[in-house]
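Q: Listed below, chain by chain, are the residues.
Number of protein chains: 4
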Amino acid sequence: MRKTESNFFYIQPIVVSDYLIFDNNYRAESHFFHMQSEEMYMNEQYAELIEAAIAAKKFSYSPYSLFRVGAAILSEDGQIFKGCNIENVSYGATNCAERTAIFKGVSEGVKSIKAIAITSDEEDFTYPCGICRQVICEFGTEVDILLVNNKGETRMSSIKELLPNSFSKETLLD
Amino acid sequence: MRKTESNFFYIQPIVVSDYLIFDNNYRAESHFFHMQSEEMYMNEQYAELIEAAIAAKKFSYSPYSLFRVGAAILSEDGQIFKGCNIENVSYGATNCAERTAIFKGVSEGVKSIKAIAITSDEEDFTYPCGICRQVICEFGTEVDILLVNNKGETRMSSIKELLPNSFSKETLLD
Amino acid sequence: MRKTESNFFYIQPIVVSDYLIFDNNYRAESHFFHMQSEEMYMNEQYAELIEAAIAAKKFSYSPYSLFRVGAAILSEDGQIFKGCNIENVSYGATNCAERTAIFKGVSEGVKSIKAIAITSDEEDFTYPCGICRQVICEFGTEVDILLVNNKGETRMSSIKELLPNSFSKETLLD
Amino acid sequence: MRKTESNFFYIQPIVVSDYLIFDNNYRAESHFFHMQSEEMYMNEQYAELIEAAIAAKKFSYSPYSLFRVGAAILSEDGQIFKGCNIENVSYGATNCAERTAIFKGVSEGVKSIKAIAITSDEEDFTYPCGICRQVICEFGTEVDILLVNNKGETRMSSIKELLPNSFSKETLLD
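Chains as they are written, first to last, in the numbering used here: chain D, 1 to 174; chain E, 1 to 174; chain X, 1 to 174; chain L, 1 to 174.
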């Protein structure tokens with residue numbers, strides 16, 4: 001693995017859960033939104049984060065939708081926490097994978113989130129629902145959102161793109 | 001009132017709840033998030049919708065946050081339904097003004113939403129939280145979102161702008 | 001209709017939505033969870049409330065569960081508000097019929113609830129979920145809960161029975 | 001420590017977080033509900049569970065209510081998971097301590113819950129809200145609920161007592 005700049009690496013093709021995730025010189029592009037960097041090489045932490053999200057899906061409790069989701073957060077201090085969706089017969093008390101991962105981290109002392117990875121069994125990318133976007137922005141305004149489909153292909157977005165003009169904590173706390 | 005184009009009107013200055021809301025030649029543009037409210041043409045239905053949102057705030061049940069919100073939806077078939085935020089000691093069972101208005105309409109037969117207006121007691125515009133954005137997009141992909149501050153100034157956005165790449169019903173129903 | 005005591009009436013058999021709901025001498029008792037519905041006196045308002053709950057089911061938006069629920073509240077000042085369940089693709093943003101009815105009433109000025117009726121398409125009685133019980137107890141500690149099955153049979157309970165030792169607003173407001 | 005019967009122990013006074021929790025021959029009594037056993041000696045696992053709930057409160061994220069709650073679950077297979085309340089500016093996206101603990105366990109493979117302990121900074125016992133009761137009963141019909149106040153005094157209840165006639169998963173899955 002050859003270092004290219006401070007935080008990023010050229011990475012060799014890696015296999016995660018039987019899927020080829022990254023080719024050499026992997027370039028994350030957001031076709032619909034302006035990315036901070038047009039050429040972003042995936043760093044090692046993000047590869048690990050994606051692997052965690054895929055693994056997290058295993059414990060999905062989704063007897064009502066049969067729609068399995070896995071997620072993982074990377075905290076600002078470098079820890080990874082995994083989560084799956086956990087449904088409830090009432091529907092309203094259902095918890096998404098993203099929130100499960102966030103709640104796990106926060107309950108262990110995480111104060112701020114750097115990135116979150118999300119995956120399902122679908123070929124379409126599974127974007128976070130509005131509730132999860134709301135919870136993400138409570139713990140970071142610069143959170144990268146990594147989407148992974150069932151082929152291991154990835155797309156990258158951010159909480160600013162996915163929840164612009166958020167109803168944020170300054171509203172009540174200032 | 002002089003007609004200018006298909007759906008819009010030049011409107012005279014009108015007073016809603018003691019606030020001057022619209023000047024002549026008010027023009028609605030929603031290319032991005034930053035609006036030129038000074039150049040917004042407002043149609044008659046939207047003026048009525050904003051008035052309804054402001055009136056709806058009256059019944060806000062917000063003993064925990066003391067943050068009053070009012071909202072109103074305009075259904076595709078031209079009906080207006082008002083809602084306020086209704087808090088709960090558990091916090092999690094709290095319902096926002098936007099959802100109250102939507103639930104009222106849907107429970108009376110509304111299938112699709114054309115626009116929603118939102119207001120609070122703040123000078124800053126109060127944008128819908130992520131949960132409400134999620135519920136809005138269940139009932140329309142082309143919903144206009146009208147924000148009104150405590151001075152009666154307005155800004156216009158859309159659900160597409162505020163919840164891009166939504167986790168939408170096609171995900172589970174297709 | 002012959003008056004028997006302050007609030008209750010002997011009522012003639014009435015037909016609601018093609019179901020025979022009340023026989024003469026129907027008497028409401030709620031000592032425990034299992035009711036003797038044969039000995040239940042039902043007053044006129046409660047008969048109307050049950051009819052409203054059954055009618056409310058018509059607008060149920062439940063494409064994910066296909067489980068239709070209708071509810072109606074009777075406010076302390078004698079008004080009736082109807083609600084249906086309104087689901088969301090995120091599941092978590094789903095709203096039950098009971099809460100829809102309550103939010104409608106509160107947003108129209110209701111401060112306190114006297115009773116709520118709940119029905120579904122099932123022969124088993126459909127009890128309110130925990131979220132709805134939490135919202136009910138925000139607006140009354142003495143709320144009667146009327147359950148109606150698909151045969152029009154009724155059972156009566158109360159919020160005190162269904163959410164004992166509730167996490168109540170005094171916890172945060174005192 | 002002297003064994004008395006299959007699962008229970010006479011325990012010596014133990015100090016948890018500076019509070020004296022159990023005296024010798026500690027007897028859990030439910031004054032308001034009929035307990036399965038009128039004389040229940042606290043077992044070792046339950047003492048550890050209560051200690052975990054008190055410790056969990058440390059990471060409470062509650063900037064809006066300033067009401068800190070800690071909880072911990074004991075899974076059927078003997079694992080303990082800790083949770084705290086994690087609030088959100090939207091209020092509705094708030095997660096209670098009980099659910100945080102449950103979601104953590106389930107996302108690590110827990111299928112069934114044996115007991116949950118709950119504590120806050122109050123002298124009054126903090127009972128679970130309706131949402132949490134709904135989530136508890138998704139993962140067990142025989143869950144013991146241990147309440148601990150700020151003096152380390154305990155009270156014991158059960159999900160059957162706190163959410164009778166629950167809206168349960170058989171409703172949708174059968």
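Fair warning: there could be bad hints in the mix.
Because identical chains cannot be distinguished in the list, a pair is counted as satisfied if it fits within a single copy or across any two copies.
Unchecked claim - Pairs of lysine-lysine residues, derived as DSS-like cross-links and limited to a Cα-Cα distance of at most 25 Å, are as follows:
1) Lys58 to Lys114
2) Lys160 to Lys58
3) Lys151 to Lys169
4) Lys114 to Lys169
5) Lys169 to Lys58
6) Lys111 to Lys151
Honestly, the hints are just simulated from the structure, not real lab data.
Computed from a prediction, not measured in an experiment: that's the story for all the values here.
Q: Taking the hints in turn, state whether each one holds.
A: The hints, checked one at a time:
Taking CA atoms no more than 25 Å apart as the test, Lys58 paired with Lys114 passes in both settings, with 24 Å inside one copy and 22 Å between copies. In this homomeric assembly, Lys160 and Lys58 never come within 25 Å of each other (Cα to Cα): the closest approach is 29 Å inside a single copy and 30 Å across copies. Within a single copy, Lys151 and Lys169 get their C-alpha atoms only as close as 37 Å, which misses the 25 Å cut-off; across copies the closest is 22 Å, which meets it. In this assembly of identical chains, Lys114 and Lys169 lie within 25 Å of each other by CA distance solely inside one copy; the values are 18 Å within and 29 Å between copies.
Taking CA atoms no more than 25 Å apart as the test, Lys169 paired with Lys58 passes between copies only; the shortest distance there is 21 Å, against 33 Å inside one copy. Taking the shortest Cα distances, Lys111 and Lys151 never come within 25 Å of each other, neither inside one copy (32 Å) nor across copies (29 Å).
Hints 2, 6 from the earlier list are contradicted by this structure; the remaining hints agree with it.
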